[in-house]
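Visitor: If you want the building blocks of each chain, they are given just below.
There are 6 protein chains.
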Amino acid sequence: MDSESVSKFPVGKLAILLAVLQDHEWRRTVERGLIAEGYRFTIGRVGAMDMMKVIAAIETAAKNNRIIDSESYREVHAVYHAIIEALQGVGRGEVQFGNILRTVGLTFSIVRGKFSGGPVEHEGDWIAVAIYGTIGAPKKGFEHETIGFGFNHI
Amino acid sequence: MDSESVSKFPVGKLAILLAVLQDHEWRRTVERGLIAEGYRFTIGRVGAMDMMKVIAAIETAAKNNRIIDSESYREVHAVYHAIIEALQGVGRGEVQFGNILRTVGLTFSIVRGKFSGGPVEHEGDWIAVAIYGTIGAPKKGFEHETIGFGFNHI
Amino acid sequence: MDSESVSKFPVGKLAILLAVLQDHEWRRTVERGLIAEGYRFTIGRVGAMDMMKVIAAIETAAKNNRIIDSESYREVHAVYHAIIEALQGVGRGEVQFGNILRTVGLTFSIVRGKFSGGPVEHEGDWIAVAIYGTIGAPKKGFEHETIGFGFNHI
Amino acid sequence: MDSESVSKFPVGKLAILLAVLQDHEWRRTVERGLIAEGYRFTIGRVGAMDMMKVIAAIETAAKNNRIIDSESYREVHAVYHAIIEALQGVGRGEVQFGNILRTVGLTFSIVRGKFSGGPVEHEGDWIAVAIYGTIGAPKKGFEHETIGFGFNHI
Amino acid sequence: MDSESVSKFPVGKLAILLAVLQDHEWRRTVERGLIAEGYRFTIGRVGAMDMMKVIAAIETAAKNNRIIDSESYREVHAVYHAIIEALQGVGRGEVQFGNILRTVGLTFSIVRGKFSGGPVEHEGDWIAVAIYGTIGAPKKGFEHETIGFGFNHI
Amino acid sequence: MDSESVSKFPVGKLAILLAVLQDHEWRRTVERGLIAEGYRFTIGRVGAMDMMKVIAAIETAAKNNRIIDSESYREVHAVYHAIIEALQGVGRGEVQFGNILRTVGLTFSIVRGKFSGGPVEHEGDWIAVAIYGTIGAPKKGFEHETIGFGFNHI
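Protein chains in written order, with our numbering: chain F, 1 to 154; chain Y, 1 to 154; chain W, 1 to 154; chain X, 1 to 154; chain G, 1 to 154; chain R, 1 to 154.
Treat the hints loosely; a few may be bogus.
Since copy identity is lost for identical chains, a pair holds within one copy or between any two.
For lysine to aspartate or glutamate, the following DMTMM-like pairs were computed, each having C-alpha atoms within a straight-line distance of at most 25 Å [as the list claims (entries may be wrong)]:
id : residue 1 : residue 2
1  : Lys140    : Asp23
2  : Lys53     : Asp23
3  : Lys8      : Glu123
4  : Lys140    : Glu123
5  : Lys140    : Glu37
6  : Lys114    : Glu31
7  : Lys63     : Asp23
If you are wondering where the hints come from, they were derived from the structure by calculation, not from laboratory data.
Let's have the full structure, built from the sequences with the hints guiding it.
Guide: Below you can see the structure in the form of structure tokens.
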């Protein structure tokens, strides 16, 4: 399938699909759509009981893959708040993992670029962070799926 | 594309795709996968500033479409908590909409059926609620995407 | 049973039992214990979907039954924070009822007096607010028990 | 006193009394009532600054005393959420202990069995977790009482 | 006093002083400092039990006084999140006023301009929202002071 | 400038100015005002990623500077809750620092004394805790200002 059908998706939907589809073949279509529309993006994985490690992994991926300029506090500030928002969805009510005896195995996507609200295109770049994976007890199989999404102007 | 490639997806991923894909053709594949694997599911839409209306719309859809037995408190209790979890992702930190001057336009999916964690299939039914849409100011276009997901045994 | 066995209970335990026991005969023993030890206390009931009404009912009971001096902001401030703490237990994570489609039927107790921590008696008066009852859907029987407890110096 | 007067108590009230009464003679009456009505239950104690240890102690007690089947994720999931709900009452607003310089000394009860809402008996088993004890500064006597209660279908 | 001594203050300190000083003569010094350094700013007042009115009053002041461009979602998004952050300080734990029987009388400041972190000046504009006033019971004098501060890139 | 103009400020405003003004000359005026009106107060600094250290530093300053009696649980309880309230403003939504990869550099003030609400002077002593400083990434300059304020009867 060509990427046209997805390239009209809003940026958040593309970020969510990127994180959720993982190795499914549709992901290629989503990636082609992102490239066609000029977005910068990356995907990564992190597993931890330690919230700090999860945040650091996503921030580092954003910097190392040039989604954001690591020397710009403006951009670091924008992506940090998008990550925290996404983790509020992942944690549902408590932004804590190991402290409350939960461990996570997560795939995350970071997408940066234009953003259209309804018929209008909003000026400047925006950043979307989607996080999908499992959360649960530190015992194989005793975990279930979770998702979170954060969005910010950058 | 046939539905085989998605029918091995875990239940949460199917619920998320159902809510996110909306009218895209991939949704048919997801629906065929859900049917092939014996899941019960429904999709609905709700727009409101009032959190109470959003919860009621999702609960009513679950009952009217026979995803849950409306006479069983056990099932109503399970779906209520899954909805609240999903709304914690949608609201990111505050489970409030109109009170803090936000309005939402949401598509939700409810999926009920078996659940496998890793290689094991867990006994009994489980319920997934995915909510995708926009949240923002009560002004056209001044809103951005959001997602939430709740999951429970039923 | 004479009240001696309970009169050595700490003030919070007495407040909890007062709210939980409702019409059971043990409540008389608890009340005699409270009187013997010189506590001021009251019990009340409130049913509502509206958090504001629940807070007002408890505050009013504290004032009308002379547990606190309604002209002293110091005392009103102390009891307000004890009520909010108790409602955090009742609501478990969200201090909201009707907004998230829940209704409550609550029995509350307010106890004021001395307070011993371990072997030491702490100076001055303290106030305990215990709230016990049901929380759930606005449908008869579709609700379950809940409890909350707040404590403050006064 | 015979146990008849308490055996009609709802399951949550029994769980709360079990945790609160500790070594008082009324506890025997409550236990006889629980046994007469066919509930499975256990009581335990845990003292810690570390939230993770408190959760682990309660989960382990539920498994070791056969209140839940430790091989069933369904049951582990149910009890985990009941524990977190109870800890929201204990912590009142913050599900944190040591991180915010608080330590706890807690008695907990776990009760599993039937559940009646009003005149109706709801199908299947339900689980109640009650936690009672002290919370405060890490200094003897500089602490006060607290309670929390969580409830779930299982 | 001339404004030089304050014009080196960081933007947040200036915003906080603007809201806190109200009619004190030091406020003129702060305003001259803000003008000398090229900041855009405004001050307003709002009293309400309704959180929605407080947010709307601050947003409207930002728009009407040209602190932000009301046609730019980017700028509206930035100021909205700064307001919510400031209200988290005002409400301390609950972003609710009337729902939990509290009323507020607030003075707010909004300051937009450059921002230096340590020795470096960060690129672009930033926005600070400071809110100072009273919170309490809906009874004259039964209230105490509160402050909140939000900050964002714009 | 003589201190008369500020000595009529309410206690919270004085505490906020004390923490915010740091080494600016206005601080002397504020301190003279506090002394003239008979308040007890202290100022301190703490930098940490660890919330526990921040709380301990403020509590210890209150005790060592005789703002509170360290042997009175009543007073320790009052100041603890004022600190937590202030930290809710500092953290805006999450009472966590290092866990979510944030570090803080804070100046705090603690003021104890009389308190007037409107035209009335409320009986007894009250305590105000103001915390001002920076919060951000553990990288020099990648941080911004924050403030929090807690208030309690003592």
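Visitor: Hints the structure violates: just list their numbers, smallest first.
Guide: none
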